[in-house]
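Novice: In order, the protein sequences belong to chains S and X.
Be aware that the first sequence starts at 1, since it is given in this note's numbering, and climbs by one per residue.
Be aware that the second sequence starts at 1001, since it is given in this note's numbering, and climbs by one per residue.
Take these hints with a grain of salt, some might be off.
[Stated by the list, open to error] List time: in silico EDC-like cross-link candidates among lysine to aspartate or glutamate, alpha-carbon distance up to 20 Å:
#, chain 1, residue 1, chain 2, residue 2
1, S, Lys180, S, Asp97
2, S, Lys119, S, Glu193
3, X, Lys1025, S, Glu174
4, X, Lys1017, S, Asp161
5, S, Lys132, S, Glu2
6, X, Lys1052, S, Glu128
7, S, Lys160, X, Asp1036
8, S, Lys11, X, Asp1036
Don't read these hints as lab results, they were simulated from the structure.
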Amino acid sequence: MEYNPKLREIKTSKELSNLDKFALDFINIIKKYVEYTVISGYVSILLGRSRVSEDIDVYIKKIDIQQFKKMCQELLENNFWCINTEKPEEIYEYLKDGLAVRFAKTNSPIPNFEVKFPKDKLDEQVFEDPIKVILTEGEIIISSLERHVAFKKYFLSSNKDIEDAKHIENLFGEFIDYEKIRELKDLIKKRNEKRK
Amino acid sequence: MKKENKQKKMKPGKTNKEDRLNFVKYWTDYIKEHSDKEWSSQQNNLINSLIKYKK
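Input sequences plus hints: build the corresponding full structure.
Specialist: Structure, rendered in structure tokens:
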């Protein structure tokens, strides 16, 4: 696994797991309609972490309803369904209300994609500095390593999340900008205080 | 005479939390020292036993 910080690319010839194959099938559809960034646990798993997750978290940029409906139609044609509702208008409303919706393969709720719109500026920043992971059978856009580590350590903070962050720090520590992590830590802290 | 197992050893942690973090370190060292195919094959034993997927 090689990280090129200038190109913001990680190349790996890893054998794809069933979770990676599921991720690529979903992403190869949605990327035609919307900009996306995968965040949280699956980022660590994609990069080798020795654990499993039943869901993959992804932010998509806010798009109009017509474009969203087209995306839902292609997902449906490829046997993906939304666990929350069948109507694209309702899925869209949930997202607009700041809720997450889940997509899975028909008759198989696990694994699933947890899709959400960014809620604020801090969320929106995931689209500003993403990294492209180049696999043998496709590409996946993930959040920056700094953002991943900061949110795992200072926002989510469970033992599992700390381990997810450590995994990334152990593998890519020499490339990680710890000043950036400190800045993100402050922004996360301020947002948490605002939300109280 | 018993053959020495030359595989890298992991220091046990004093608490469950420390032990788990020691294993995270042990596993990331394994990733660095082995080819992508080798470590991912190990990882897939775990993931594919729990996550089934058909196109």
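Novice: What hint numbers does the structure not satisfy?
Specialist: 1, 6 and 7
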